[in-house]
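With the hints as extra help, turn the sequences into a complete structure.
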Amino acid sequence: MNQNPLSKPTNQPDSYKTLLVFRKSECVYDITFYFVSRFLDRCHDRTVDQMQQAARSGKQNIVEGYSDAEGSTEVEHKLTVIAKGSLEELKEDYKDYLRNHGLEIWGPHHPKYRMAQPLCRRVNDSAWYRRQIEGRCPEEIANIALIVIHQTLTMLRGLIDYQNRKFLEEGGVKEQRYKARVEWRNGKR
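To convert, count from 1 in the sequence shown and add 2; that's our numbering.
To be clear, the hints were calculated from the coordinates, so they are not data collected in a lab.
Please note that the accuracy of each hint is not assured.
To be verified - Label-pair ranges, simulated between beta-carbon atoms:
| no. | residue 1 | residue 2 | range |
| --- | --- | --- | --- |
| 1 | Val125 | Ser74 | 30 to 36 Å |
| 2 | Glu172 | Arg132 | 38 to 44 Å |
| 3 | Glu172 | Glu91 | 28 to 34 Å |
| 4 | Glu94 | Glu185 | 47 to 53 Å |
| 5 | Ser74 | His111 | 40 to 46 Å |
To be verified - Derived PhoX-like pairs: lysine-lysine, alpha-carbon spacing no greater than 20 Å straight-line:
| no. | residue 1 | residue 2 |
| --- | --- | --- |
| 6 | Lys86 | Lys19 |
| 7 | Lys86 | Lys168 |
| 8 | Lys97 | Lys80 |
| 9 | Lys80 | Lys168 |
| 10 | Lys168 | Lys181 |
| 11 | Lys80 | Lys114 |
| 12 | Lys114 | Lys97 |
Glycine residues also receive a C-beta, built at the ideal position from the N, C-alpha and C atoms.
As structure tokens, then:
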């Protein structure tokens, strides 16, 4: 069986916290929480709730999918895809904010992008991000968020590919349980 490159195996409670993709999604959530609290008007802008819910959904669906994997590979896959969709939506909200406020979206050749991208790739600690974004302008925070979201989406695509390969190699939980039951029955005779 192939080991998931995005996690460390464990049967401990809260073991989803060992997933790099979970830790990165937690960073996305914390950056988004700070951003909408600081730069959006909760009373007059529905985007506040949309962005917070998209960031939360990205993180929470990773947790639920990982936790449900023991009972259903189908549910695990579905929730991982939902997490990806939520973060895609959040990515567009950040781009909309930047565009509508006349702020720059850093491309891969932008000097700030080139400095931030490798650093963000190495750091998966939400407390570090909270310290780094404190007091920064909305353009910088939104672009940092976009970098971290992009990295999280890349990890999620890798996790979905892994889940698909694992399903092809091992089948789903029901299929595995049926096979084990048949083997058990054959061994009893």
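**OP:** Hints the structure violates: just list their numbers, smallest first.
**Re:** Of the numbered hints, 8 and 11 do not hold.
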